[in-house]
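Student: Next come the chains, spelled out residue by residue.
Number of protein chains: 2
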Amino acid sequence: MKYDCIVIGKGPAGITAAIYLKRYGYTPLVLAKDGGALERVSDIENYYGIPHITGPELLKAGVEQASGLGIRIVEEEVLDLTKEEHFLVTTNAATYEAKTVVLACGTSRNRYAKADAFEGVSYCATCDGFFYRKKKIALIGNGNYMAHECSVLENICKDITIFTDGLPLEAEVSPTIPVVLDSIEKINGDGKIQSIEAGGKTYPIDGAFIAIGKASGFTLAKHLGIELNGSNIVVDSTYMTNIDGLFSCGDSIGGLLQVSKAVGEGANCASFISKYLKKNNL
Amino acid sequence: MKYDCIVIGKGPAGITAAIYLKRYGYTPLVLAKDGGALERVSDIENYYGIPHITGPELLKAGVEQASGLGIRIVEEEVLDLTKEEHFLVTTNAATYEAKTVVLACGTSRNRYAKADAFEGVSYCATCDGFFYRKKKIALIGNGNYMAHECSVLENICKDITIFTDGLPLEAEVSPTIPVVLDSIEKINGDGKIQSIEAGGKTYPIDGAFIAIGKASGFTLAKHLGIELNGSNIVVDSTYMTNIDGLFSCGDSIGGLLQVSKAVGEGANCASFISKYLKKNNL
Numbered sequence: 038m039k040y041d042c043i044v045i046g047k048g049p050a051g052i053t054a055a056i057y058l059k060r061y062g063y064t065p066l067v068l069a070k071d072g073g074a075l076e077r078v079s080d081i082e083n084y085y086g087i088p089h090i091t092g093p094e095l096l097k098a099g100v101e102q103a104s105g106l107g108i109r110i111v112e113e114e115v116l117d118l119t120k121e122e123h124f125l126v127t128t129n130a131a132t133y134e135a136k137t138v139v140l141a142c143g144t145s146r147n148r149y150a151k152a153d154a155f156e157g158v159s160y161c162a163t164c165d166g167f168f169y170r171k172k173k174i175a176l177i178g179n180g181n182y183m184a185h186e187c188s189v190l191e192n193i194c195k196d197i198t199i200f201t202d203g204l205p206l207e208a209e210v211s212p213t214i215p216v217v218l219d220s221i222e223k224i225n226g227d228g229k230i231q232s233i234e235a236g237g238k239t240y241p242i243d244g245a246f247i248a249i250g251k252a253s254g255f256t257l258a259k260h261l262g263i264e265l266n267g268s269n270i271v272v273d274s275t276y277m278t279n280i281d282g283l284f285s286c287g288d289s290i291g292g293l294l295q296v297s298k299a300v301g302e303g304a305n306c307a308s309f310i311s312k313y314l315k316k317n318n319l
Numbered sequence: 038m039k040y041d042c043i044v045i046g047k048g049p050a051g052i053t054a055a056i057y058l059k060r061y062g063y064t065p066l067v068l069a070k071d072g073g074a075l076e077r078v079s080d081i082e083n084y085y086g087i088p089h090i091t092g093p094e095l096l097k098a099g100v101e102q103a104s105g106l107g108i109r110i111v112e113e114e115v116l117d118l119t120k121e122e123h124f125l126v127t128t129n130a131a132t133y134e135a136k137t138v139v140l141a142c143g144t145s146r147n148r149y150a151k152a153d154a155f156e157g158v159s160y161c162a163t164c165d166g167f168f169y170r171k172k173k174i175a176l177i178g179n180g181n182y183m184a185h186e187c188s189v190l191e192n193i194c195k196d197i198t199i200f201t202d203g204l205p206l207e208a209e210v211s212p213t214i215p216v217v218l219d220s221i222e223k224i225n226g227d228g229k230i231q232s233i234e235a236g237g238k239t240y241p242i243d244g245a246f247i248a249i250g251k252a253s254g255f256t257l258a259k260h261l262g263i264e265l266n267g268s269n270i271v272v273d274s275t276y277m278t279n280i281d282g283l284f285s286c287g288d289s290i291g292g293l294l295q296v297s298k299a300v301g302e303g304a305n306c307a308s309f310i311s312k313y314l315k316k317n318n319l
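Here the protein sequences come in this chain order: Y and R. FYI, in this note's numbering the residues of the first sequence are 38 to 319. FYI, in this note's numbering the residues of the second sequence are 38 to 319.
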């Protein structure tokens with residue numbers, strides 16, 4: 038089955054986009070493991086029409102509303118996004134195909150700022166693994182997304198060390214790969230990254246791959262070579278990124294990080310996707 | 038009392054803008070006689086977080102939410118908007134002063150398209166009355182807004198005929214001014230407007246003033262010389278019109294005529310007004 042649109046994210050932007058697409062007669066699929074930033078918001082009093090609600094309550098209401106309209110919502114963790122003839126979205130459980138994709142998965146909380154100052158730091162194993170074929174690399178992360186990146190790197194690189202940065206290892210990786218559970222104390226380098234200090238030890242490396250937390254709009258954008266402005270995905274006036282057929286809205290594209298704005302953009306984005314699908318006879 | 042902002046309109050865009058302004062620490066005033074297009078919507082199922090609601094219910098919920106946050110909402114009919122040192126908004130009951138204004142009063146249902154083809158047609162007595170000092174003019178309309186325009190024209194023009202276009206006269210005008218209650222059958226002219234046919238009679242005129250229904254964003258825009266694109270108010274990326282300090286959002290600026298979009302724009306617009314007030318030390 039090929040979906041008209043896969044919406045990654047089940048917050049206000051994603052659900053609104055899905056509702057509008059459904060109403061336009063298209064078949065959207067919503068993929069998301071959790072509700073992002075809204076899950077941690079206790080009081081919302083500035084969303085029109087609802088005097089008071091908590092973030093989790095609003096998320097739940099949105100998901101139920103979309104389900105009630107017949108929209109399929111799958112609670113799987115998105116690990117990868119690629120484009121061949123169509124878009125392929127890989128989760129921890131399956132791969133889904135779609136004509137268009139909306140990245141509506143919120144702000145990028147898994148950027149690793151202290152590594153960003155150095156060269157030799159990548160957010161995409163598939164894109165950059167090849168450059169480190171015979172090199173010593175660090176893979177920073179502790180969950181499914183890290184494990185996905187690890188499985189890609191294992192086929193390319195010989196010498197991988199996983200750094201969970203003080204977090205427990207929450208995914209299965211090959212037992213031959215060393216895992217450092219200590220917090221990262223310092224990253225050293227001279228332009229190019231050279232070593233990581235953790236648990237009182239210094240680990241010399243040639244490169245580092247960042248796969249912290251869940252794959253976010255930011256990391257998925259990195260996988261596809263989407264234009265970014267800082268951590269924000271850059272879109273044109275139709276909410277399309279520089280990748281044809283790939284759209285983004287809500288917190289992912291920056292601006293006011295508010296439910297109101299996300300909802301407005303979700304509606305507008307869906308209307309432009311509808312026009313895009315028609316224009317391209319998809 | 039000078040308000041930080043007067044929001045004209047109490048629909049989703051206006052109320053959201055007012056809620057955000059209040060939350061930013063400003064004192065907004067909302068002025069509106071009715072809820073516009075939403076009052077006639079029976080089913081809304083695509084507004085995030087609310088599975089089903091009617092337009093009037095949503096309007097009521099929004100007004101109560103804003104009132105609950107301490108926002109002043111005055112149910113008066115806006116008749117005029119001018120700018121001297123600050124903005125002055127005239128209603129049927131009073132004049133209010135503000136540092137900024139948001140036009141969030143919906144689409145322009147009171148444009149009179151069949152007259153627009155001719156020269157000699159105006160939407161603003163204050164702006165254009167002077168050009169018709171010794172001329173025969175028609176004033177088209179039947180309510181308070183028409184009566185307001187009539188009071189302006191009376192001081193300038195000698196020969197005024199009111200055309201209600203088949204509607205009952207619903208406002209008080211000077212008893213010396215003739216009122217034609219018949220439907221307008223035809224408007225004649227050769228480039229410039231020349232006569233109006235109604236009730237089987239032909240009334241020769243030199244110019245016509247349109248004041249149908251209530252003053253809308255469109256008509257208020259005409260009063261201030263705001264740039265329009267068709268009936269839509271033109272705004273920049275900060276939702277400001279070509280008049281400094283005058284903003285607009287929601288249906289008034291065109292695009293998707295949806296609650297979702299209006300709410301998103303209301304939030305964004307308020308954030309830009311907050312920046313504008315700070316930047317200009319207002």
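Hints listed in this document are in silico derivations from the structure and should not be mistaken for laboratory results. Quick caveat, the model's predicted, so the values are computed rather than measured. Treat the hints loosely; a few may be bogus.
[As the list claims (entries may be wrong)] Below, computed lysine-lysine pairings styled on DSSO-like, alpha-carbon distance capped at 30 angstroms:
#, chain 1, residue 1, chain 2, residue 2
1, Y, K315, Y, K39
2, Y, K97, Y, K173
3, Y, K97, R, K59
4, R, K136, R, K39
5, R, K39, R, K97
6, R, K70, R, K229
7, R, K136, Y, K97
8, R, K120, R, K238
9, R, K120, Y, K59
[Unchecked claim] Okay, the calculated bits of chain R under chain Y, using three or more residues with CB under 8 angstroms as the criterion:
#, region
10, 47-61
11, 75-89
12, 94-104
13, 132-141
14, 274-288
[Stated by the list, open to error] Covered stretches of chain Y (chain R as the covering partner; in silico rule of three or more C-beta atoms under 8 angstroms from a C-beta of chain R):
#, region
15, 42-55
16, 80-87
17, 294-304
C-beta: ideal position from N, C-alpha, C; glycine also.
Student: Are the hints correct? Go through all of them and say.
Tutor: Outcome of the hint check:
1. K315/Y to K39/Y: Since the Cα atoms of K315/Y and K39/Y sit roughly 16 angstroms apart, the hinted pair holds (cutoff 30 angstroms).
2. K97/Y to K173/Y: Violated, at about 44 angstroms.
3. K97/Y to K59/R: 28 angstroms, holds
4. K136/R to K39/R: 7 angstroms, holds
5. K39/R to K97/R: 27 angstroms, holds
6. K70/R to K229/R: 35 angstroms, violated
7. K136/R to K97/Y: 40 angstroms, violated
8. K120/R to K238/R: 41 angstroms, violated
9. K120/R to K59/Y: With Cα atoms ~45 angstroms apart, K120/R and K59/Y exceed 30 angstroms; violated.
10. 47-61: holds (count 6)
11. 75-89: Holds: 7 residues of the region 75-89 of chain R have a Cβ under 8 angstroms from chain Y.
12. 94-104: Per the Cβ count (5), the hint holds.
13. 132-141: violated (count 0)
14. 274-288: Contact hint for the region 274-288 of chain R vs chain Y: violated, 0 residues under 8 angstroms.
15. 42-55: With 3 residues close enough to chain R, the hint holds.
16. 80-87: Three-residue rule met by the region 80-87 of chain Y, so holds; n is 6.
17. 294-304: Since three or more residues must qualify, the claim that chain R covers the region 294-304 of chain Y holds, with 10 doing so at under 8 angstroms.
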